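If you read the sequences in order, they're chains X, A and D. In terms of numbering that gives the first Met the number 0, the first sequence opens at residue 0 and continues consecutively. In terms of numbering that gives the first Met the number 0, the second sequence opens at residue 0 and continues consecutively. In terms of numbering that gives the first Met the number 0, the third sequence opens at residue 0 and continues consecutively.
The set of hints was computed from the structure by calculation and includes no laboratory data. Since this is a predicted model, take the numbers as computed values, not measurements. Every residue gets a Cβ at the ideal spot worked out from N, C-alpha and C, and that includes glycine. Hints are supplied without guarantee of correctness; some may be wrong.
Calculated cross-link-like contacts (lysine-lysine; reagent style DSS-like; alpha-carbon spacing at most 27 Å) [unchecked claim]:
no., chain 1, residue 1, chain 2, residue 2
1, A, 371, X, 9
2, X, 18, X, 33
3, X, 33, X, 81
4, A, 179, D, 32
Under 8 Å between C-beta atoms, here's a sample of chain X residues computed to sit facing chain A [as the list claims (entries may be wrong)]:
no., residue
5, 25
6, 26
7, 29
8, 50
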Amino acid sequence: MQLLRDILDKQVVDREQVKIGKVDGLVAELRQGKPPRVIAIELGSIALARRLGAQPGRWTARLAAKLGGKLQARPHRIAWHKVRDIGVDIEFDMDVRRTKIFAWQHWLRDHVVGRIPGA
Amino acid sequence: MKKLLEISLGVVTSVGGFLEVGSMATAAQAGALFGYQLIWAVVLGTICIIFLVEMAGRFAAVSHHTIADGIRERFGFNAFIWPLLAVLLVNFLVLSAEIGGVAVAAELATGISFQWWALPVAFLAWLLLWKGTFGLIEKGVSMLGLVTLCFVVAAVMLRPEWKEVAVGAVPSLPHHDTAKYWFMAVSILGASISPYLFMFYSSGAIEDQWDKSYLGTNRAIAGLGMSFGGTISVGVLIVAALVLGAHGVTEVDDYNQLPLMLIPIFGFWGFVLFVASLAIACFGAALEVALQQAYLVAQGFGWNWGEDLKPRDDPGFSLVYTLTLFLAAVPIALGLDPLKLTIFSMALTAASLPLTVVPFLFLLNDDRYVGKHRNGVISNAAVIFVIALGFVLAVVTIPLQIFGGT
Amino acid sequence: MSSIAWRSLLLLPVLALALASCSSSETVEQQSKLAASTAEAAVLVIDAWLSGAAPPHYASAALQSFAGTLGDADRQVQSAPSSDIARRDALKSAVGRVTIAAAAAERAVKAEQQIQARQARQDLRAAQADLAAAYRQYFAQQQ
């Protein structure tokens, strides 16, 4: 399996098949004398901005921290050992509701979208 | 039996969805100034969109990916961002033009200036997306779009010389207004080959959970639906040639001239039919483009998406179409001429096509996505040829048109 | 998109040259054509209104818009310099008459005066015929 070709930019879902995001980045561990090993995937705007360059990455991180507090200043990570299935989507054995990944969507729901009648 | 129903429903949907302000305005202008001579551009554009729509449905049915998903996964985010931005921009202009089309129809019907209608139209479209479901929007609104068939009826009633119509289907060089001729050819291509059309179709195929058993259905819908759609465009062009052009109205750059196409044929009902066609076709297209904008962003970033979900379950998705609709209404509310905007955005669409279509073609030739259902040589060649032609013509003629060269 | 923008930029100098070489006769040509087409559209609108096929609010809005277009075309033709004064004057006068007739038609439809509207349509037709003749003469001379 080629990591960049087959994993990066794939759709990520949780065990309830809720769409969480895309694989925006990969975290690999360098090991002496052995090939590097993937330990986690990253997702969210910061990971995405880092792929465009170091500078956009820093700006986005600063912006995220300002808007969402310190917890949002780093990209979201999901440990690789939680992967359950790789098909059209990558399924992780986790529940997105127990993470901070959807914090902005929840904020939107509670403060903007939810306030419009009929939502 | 169920498949047959599905096919006819799909054909009806695409007929209703094909004609929008772009095809109507470009075909009217071309017919008025050049008679049947530009029919070939409609034919070429229709052939290309048949191939692209068929590919979009096949790709979704076989790979279970939408086009946006596929492009990002295959080429990575850094490459995906270019088609993403291009389509977002083009869609925005097209949406603005469609809102303008509905607003003009409202002005023709009531006498109240189109500027005042932009925001109410955007609000009505938003309300339907907010409360409605995919089926309601796709089928209901497109069904009403069948009223645009009145142009085909009108064209037949005018008894055109069918031999001359056939001659127009073969490309030929212009005898006058050369720059305008090629610019109109580009606008017609852009109006027929709208990226939102085939991207929307792939999202719809995923929403309807298509699988490989739908490949035949898909081929029938794409072929029949788009041909019927193209026929309506040719109908508009013939009517414009025989009513406007023949009366010496050659320069159609005022939307007040458009209802004149049907009035001499159907009298007062011609006026009503024109206003209804314009309003319904543009409103349907506005719904589709706004939805497509939200699909594109949600699919590109991996959010939850689906028109059948409640807005509170996909807040990001709902917010995108909400913002897009109201922002796109602003230029019209400020008084930007809807007809000029339409023609310009159609030409720009043609220029932007390579950015979306080329990566899409790669996907359709990648057996990791489509397995043995890969593209054949003919579909590849046809699409590449038309897209390249549209791009080259657009790059040459858009600046000429903007800076008023001769 | 960026590649398109760049290519368009490269075309700019070429365009500037093309623009500089555009002569005033092309303005006159374009504007006369526009005037002729708009006048024909005005006739169609008056016909539709007289036969009750066009609602009054549409007919008067359309005629107002056409009269505006004709007014602009008239101004541009009047201010264009030309080598052949007599032929140019014939063209100018025809465009001017078309413009006046369209404005009269607009007023007649607004006031719902059928007789005046018929008169305006006749004036439009006559001025339109003169315009076509003057146009042919003007450009026969140029070529």
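Going down the list of hints, with the structure as the test:
About 22 Å separates the Cα atoms of residue 371 (chain A) and residue 9 (chain X), which keeps this hinted pair within 27 Å; it holds. At most 27 Å may separate the alpha-carbon atoms for a hinted pair to count; residue 18 (chain X) and residue 33 (chain X) exceed this at roughly 34 Å. Simply put, residue 33 (chain X) and residue 81 (chain X) have alpha-carbon atoms about 22 Å apart, close enough for the 27 Å limit, and the pair holds. The hinted pair formed by residue 179 (chain A) and residue 32 (chain D) meets the criterion: a straight-line CA distance of about 14 Å does not exceed 27 Å.
The beta carbon of residue 25 (chain X) is not positioned within 8 Å of any beta carbon in chain A (closest approach about 12 Å), and the interface hint is therefore violated. Among the interface hints, the one on residue 26 (chain X) is violated; its C-beta lies about 16 Å from the nearest C-beta in chain A, farther than the 8 Å criterion. Here the hint on residue 29 (chain X) is broken, as its CB sits about 22 Å from the closest CB of chain A, past 8 Å. Given the 8 Å rule on beta carbons, the hint for residue 50 (chain X) holds: about 6 Å separates it from the nearest Cβ of chain A.
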